[in-house]
Amino acid sequence: MNTAITQPIYQEAMSINRTIQKLVRGYHSNGTFNLAFKIKDDIISICNELDQGVAARFEHTFEDYYSRAVQSSNELLDHVRIANAARMLKGGFPEELIQRIRLLQMKLILVLELFKSEVALDYITLSNWARQKVAMN
Numbered sequence: 001m002n003t004a005i006t007q008p009i010y011q012e013a014m015s016i017n018r019t020i021q022k023l024v025r026g027y028h029s030n031g032t033f034n035l036a037f038k039i040k041d042d043i044i045s046i047c048n049e050l051d052q053g054v055a056a057r058f059e060h061t062f063e064d065y066y067s068r069a070v071q072s073s074n075e076l077l078d079h080v081r082i083a084n085a086a087r088m089l090k091g092g093f094p095e096e097l098i099q100r101i102r103l104l105q106m107k108l109i110l111v112l113e114l115f116k117s118e119v120a121l122d123y124i125t126l127s128n129w130a131r132q133k134v135a136m137n
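The opening position of the sequence shown corresponds to residue 1 in the numbering used here, with each subsequent residue numbered one higher.
Keep in mind that a hint or two might mislead.
DSS-like cross-link-like pairs, simulated, lysine-lysine; straight-line CA separation at most 25 Å [said to hold, decoys possible]: (1) Lys-90 x Lys-40; (2) Lys-38 x Lys-22; (3) Lys-40 x Lys-22; (4) Lys-133 x Lys-116; (5) Lys-38 x Lys-90; (6) Lys-90 x Lys-22.
I should point out that these hints are in silico values taken from the structure, not numbers from a laboratory.
Sequences are here, hints too, so could you generate the full structure?
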C-alpha cells in the first residue's frame, strides 16, 4: 500500500498544531480553561491518528486511523466554534486557521474516498480538489 501522499497531510496537521499551541499559550482563564486543553487534545489526537496512518501496513488499519482523524477534526471544529462563541481568546481563533482545519478535514475525507480507487493521487491534485469541495460548502 502506497501511503506517500499521507506524509504531507501529517505535516500540515503538525503545522496546525503548532499554530494552536501558540494561540492558547499563556492566556488567563475566563471560565473556559478546560476548553483550551480540549482543543489541544483534539489537534494532538488528529496528529497521532495521522502518524499511525502514515505507518499503517494494511488498508483496514489505514482506514481506521483516518476515519478517527476525520471524527477528531469534527470535534476540533466544534470546540473552536464554541471557543469563539465564548470569546475564549481575545480576537478568537483566526478564520484562516479554521479554513486550514476544514481543508485538512476535506483532504482526509478525499483520501479515504480515493485511496482504493484507480485514480492516481498526488498531494497537489488532492489539495486542489479539497479546496474546491470546501468552497462549495
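Comparing the hints with the structure gives:
1. Lys-90 x Lys-40: holds, 17 Å
2. Lys-38 x Lys-22: holds, 15 Å
3. Lys-40 x Lys-22: holds, 11 Å
4. Lys-133 x Lys-116: holds, 20 Å
5. Lys-38 x Lys-90: holds, 18 Å
6. Lys-90 x Lys-22: holds, 13 Å
Going through the hint list in order, the structure satisfies each hint without exception.
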